[in-house]
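Start from chain P and add chains X, G and D according to the hints.
In order, the protein sequences belong to chains P, X, G and D.
If you count the first sequence from 1, you need to add 2 to reach our numbering.
If you count the second sequence from 1, you need to add 2 to reach our numbering.
If you count the third sequence from 1, you need to add 2 to reach our numbering.
If you count the fourth sequence from 1, you need to add 2 to reach our numbering.
Incorrect hints may appear among the rest.
Note that identical chains are pooled: a pair holds if it fits in a single copy or bridges any two copies.
Below 25 Å or equal to it, Euclidean Cα-Cα: the simulated SDA-like pairs (lysine to any residue) are [what the hints assert, rightly or not]:
hint	residue 1	residue 2
1	Lys179	Asp48
2	Lys179	Ala77
3	Lys180	Asp75
4	Lys5	His169
5	Lys79	Ser14
6	Lys179	Cys168
7	Lys13	Gly131
8	Lys18	Gly131
These are computed hints drawn from the structure, not numbers from a lab.
There are 4 protein chains.
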Amino acid sequence: MNKILVLYDSKSGHVKQMADLVRAGAAGVSETEVRLLHVSEASPADLFWCDGVAVGSPTYVGLVSAAMKAWWDDAVKAAWGKIDGKIGCAFASSGGRGGGAELVCQSIITILLNFGLLVFGIPDYTGPGQTLHYGAIAAGAPQQGPESEACRRLGRRLAEWTAFYCHGRREEHPLSKKNA
Amino acid sequence: MNKILVLYDSKSGHVKQMADLVRAGAAGVSETEVRLLHVSEASPADLFWCDGVAVGSPTYVGLVSAAMKAWWDDAVKAAWGKIDGKIGCAFASSGGRGGGAELVCQSIITILLNFGLLVFGIPDYTGPGQTLHYGAIAAGAPQQGPESEACRRLGRRLAEWTAFYCHGRREEHPLSKKNA
Amino acid sequence: MNKILVLYDSKSGHVKQMADLVRAGAAGVSETEVRLLHVSEASPADLFWCDGVAVGSPTYVGLVSAAMKAWWDDAVKAAWGKIDGKIGCAFASSGGRGGGAELVCQSIITILLNFGLLVFGIPDYTGPGQTLHYGAIAAGAPQQGPESEACRRLGRRLAEWTAFYCHGRREEHPLSKKNA
Amino acid sequence: MNKILVLYDSKSGHVKQMADLVRAGAAGVSETEVRLLHVSEASPADLFWCDGVAVGSPTYVGLVSAAMKAWWDDAVKAAWGKIDGKIGCAFASSGGRGGGAELVCQSIITILLNFGLLVFGIPDYTGPGQTLHYGAIAAGAPQQGPESEACRRLGRRLAEWTAFYCHGRREEHPLSKKNA
Numbered sequence: 003m004n005k006i007l008v009l010y011d012s013k014s015g016h017v018k019q020m021a022d023l024v025r026a027g028a029a030g031v032s033e034t035e036v037r038l039l040h041v042s043e044a045s046p047a048d049l050f051w052c053d054g055v056a057v058g059s060p061t062y063v064g065l066v067s068a069a070m071k072a073w074w075d076d077a078v079k080a081a082w083g084k085i086d087g088k089i090g091c092a093f094a095s096s097g098g099r100g101g102g103a104e105l106v107c108q109s110i111i112t113i114l115l116n117f118g119l120l121v122f123g124i125p126d127y128t129g130p131g132q133t134l135h136y137g138a139i140a141a142g143a144p145q146q147g148p149e150s151e152a153c154r155r156l157g158r159r160l161a162e163w164t165a166f167y168c169h170g171r172r173e174e175h176p177l178s179k180k181n182a
Numbered sequence: 003m004n005k006i007l008v009l010y011d012s013k014s015g016h017v018k019q020m021a022d023l024v025r026a027g028a029a030g031v032s033e034t035e036v037r038l039l040h041v042s043e044a045s046p047a048d049l050f051w052c053d054g055v056a057v058g059s060p061t062y063v064g065l066v067s068a069a070m071k072a073w074w075d076d077a078v079k080a081a082w083g084k085i086d087g088k089i090g091c092a093f094a095s096s097g098g099r100g101g102g103a104e105l106v107c108q109s110i111i112t113i114l115l116n117f118g119l120l121v122f123g124i125p126d127y128t129g130p131g132q133t134l135h136y137g138a139i140a141a142g143a144p145q146q147g148p149e150s151e152a153c154r155r156l157g158r159r160l161a162e163w164t165a166f167y168c169h170g171r172r173e174e175h176p177l178s179k180k181n182a
Numbered sequence: 003m004n005k006i007l008v009l010y011d012s013k014s015g016h017v018k019q020m021a022d023l024v025r026a027g028a029a030g031v032s033e034t035e036v037r038l039l040h041v042s043e044a045s046p047a048d049l050f051w052c053d054g055v056a057v058g059s060p061t062y063v064g065l066v067s068a069a070m071k072a073w074w075d076d077a078v079k080a081a082w083g084k085i086d087g088k089i090g091c092a093f094a095s096s097g098g099r100g101g102g103a104e105l106v107c108q109s110i111i112t113i114l115l116n117f118g119l120l121v122f123g124i125p126d127y128t129g130p131g132q133t134l135h136y137g138a139i140a141a142g143a144p145q146q147g148p149e150s151e152a153c154r155r156l157g158r159r160l161a162e163w164t165a166f167y168c169h170g171r172r173e174e175h176p177l178s179k180k181n182a
Numbered sequence: 003m004n005k006i007l008v009l010y011d012s013k014s015g016h017v018k019q020m021a022d023l024v025r026a027g028a029a030g031v032s033e034t035e036v037r038l039l040h041v042s043e044a045s046p047a048d049l050f051w052c053d054g055v056a057v058g059s060p061t062y063v064g065l066v067s068a069a070m071k072a073w074w075d076d077a078v079k080a081a082w083g084k085i086d087g088k089i090g091c092a093f094a095s096s097g098g099r100g101g102g103a104e105l106v107c108q109s110i111i112t113i114l115l116n117f118g119l120l121v122f123g124i125p126d127y128t129g130p131g132q133t134l135h136y137g138a139i140a141a142g143a144p145q146q147g148p149e150s151e152a153c154r155r156l157g158r159r160l161a162e163w164t165a166f167y168c169h170g171r172r173e174e175h176p177l178s179k180k181n182a
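Isolated chain P (complex conformation):
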């Protein structure tokens, strides 16, 4: 089985909604098991279990929430140097456009790089004026349409990369599908 962890923090519920969409996207790839866990429920064992992880956070002063940061600081003790090469990506909600959601994705990417993960962004546009080059973002709750689709796309792409790279399922390469 292809194993995906969706790890998130959420206070207002907006990132929770994004996480649900990321999960749905990942679950759309066949033979994929998804664990959706709030940061208070997750442990390093979940990191060891997964092939790939999508990390989502609300935007507090342009960086991941303190709770999400504390989780990774603690995870260093258990998982650091032992999960190199797993695949990762980011998503974030901010209070408004220009409010730092891209920077939060960048801060998540920084964390994942530190752990030795392979981290990706996505060139695709999910609709006019909406992309997810550094992870999926939303201002407030993810709106119906391209913003929600960006969350699903992120989850699907993560599960495609892990299916392709970790399980040798060559048909799951996203460019093969696009050209099919």
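Relative to the frame of chain P, chains X, G and D by itself:
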């Protein structure tokens, strides 16, 4: 006179539209002279002239355009170590939301910090769901309303900070106005 | 009086050593009062009090420590939108070169921009092969010589900028001194 | 064959020296072909050819050189949306410690994420006080010892990840080797 430089690169015209709005915002502060210059028209002399500079760029692969980058690489020779303490800020347009406009602002901020400038962001919201914490951003052309207002606010705030800090005009402190 | 806050987190003591040096640098500017506070001792009142703040953190997974992050998340409630225009800068220690100290300075800068501060870097070299363009950094404890001098320079520059800009002491502009 | 591209810009020769070390590291993985190309010699065809790419740049105002930036801006036309899932990493030399080499690695990572690559950092220390969490860095020319070893490690790790992920050579997983 309070002296503001608005320096921009633009291919599609979107950043040019933002720059016009930034200029208008700065010009709204009394006794302020604004130079609006495309990167191909500007020289380090314009940097020496100004009290503060707003730098705008389109988003190419999440960073300032090569033309804007080349301008600053060259400016290093003439202005580096000689313009410390001037005040700066950033604005950017991207092809879509999540496309890197915040990261472009960050890359501009990195450049300005390198030159020893004092760089600022703005906590204000210019409308529901629109802010400019790290500079003003737009997806495509700046839309009427909060997105355009963010560009004007950026220019006005820059001119307020230079009026306040460089010219001792205490009444121009934005928090004094807010509480007035 | 010129008022400087040096706010830091430290576990191993390395950032504490840096903070002491930053304090010494700031105290070298006449008529300057410096508060040196561990993040567990500081409150938003200290932010309101100061003209400028230097923020230092150890490097945990390429970002400020969770304790430092939590402090600013909480400070948002009391100080956000009320301290615009104060002056700020960053310093950080990492476990090794290439370990993320520059990225920690960047994450601190992101926080300070979010609060509307004017944030600066320093073009100066403090010795061969040592600068502090985005804040002062050290690998482990700050070494004698250029690395320690970078910390002192950061504090001094912060106090110079606040003396110059907040208190109208024109003789404190660092470029005036350099050319004197 | 495992195919690695080492793409660099260099003016002083420091990044060229790093690139040579990165190449040597990659070439140490069996059945690996390495192309070492200055940015003026490379074309998008080299991107299409490779399984993975290491990108190196000198530090100019905290970002990749304008020449390197221009190369990727042009490559967008030919390669963007067509090289998703290749593996990438970064290296950089700066004029001094604290001069922005980590930020240059970050700017390279931003570019590579934009193209849809899987980008990695490395938790390993290559000696006391030297790591390469976000790519290999040097202040000036790479010094003998841990700094040079970081460059070699980067190349080797890149070739290990492509061997493992693109060619199914399970014995090349770095954690398997470490535990062997």
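**Prompt:** When no copy is named, should Lys18 and Gly131 be tagged within, between, both, or neither for a Cα gap of at most 25 Å?
**Reply:** Both: 23 Å inside a chain and 19 Å across chains, each within 25 Å.
**Message:** Regarding Lys179 and Asp48, is the shortest C-alpha distance of 25 Å or less found within a copy, between copies, in both, or in neither?
**Reply:** between (30 Å within a copy, 23 Å between copies)
**Prompt:** 25 Å Cα cut-off: does Lys179 pair with Cys168 within a copy, between copies, both or neither?
**Reply:** both (18 Å within a copy, 18 Å between copies)
**Request:** Have a look at Lys5 and His169 and pick one of within, between, both or neither, based on CA distance no larger than 25 Å.
**Result:** Close inside one copy (10 Å) and across copies (21 Å); limit 25 Å.
**Intra/inter-copy verdict for Lys179 and Ala77 if alpha-carbon distance must be at most 25 Å** = Only across copies: Lys179 and Ala77 sit 23 Å apart there, 36 Å inside one copy, limit 25 Å.
**Request:** Indicate which option fits the pair Lys180, Asp75 if close means a Cα-Cα distance not exceeding 25 Å: within, between, both or neither.
**Result:** between (39 Å within a copy, 23 Å between copies)
**Item:** Same-copy or cross-copy closeness of Lys13 to Gly131 [CA-CA at most 25 Å]
**Value:** between (27 Å within a copy, 17 Å between copies)
**Prompt:** Is it within, between, both or neither when you check Lys79 against Ser14 at 25 Å Cα-Cα?
**Reply:** Between copies only: 16 Å across chains, 30 Å inside a chain, cut-off 25 Å.
No hint from the list above goes unmet by this structure.
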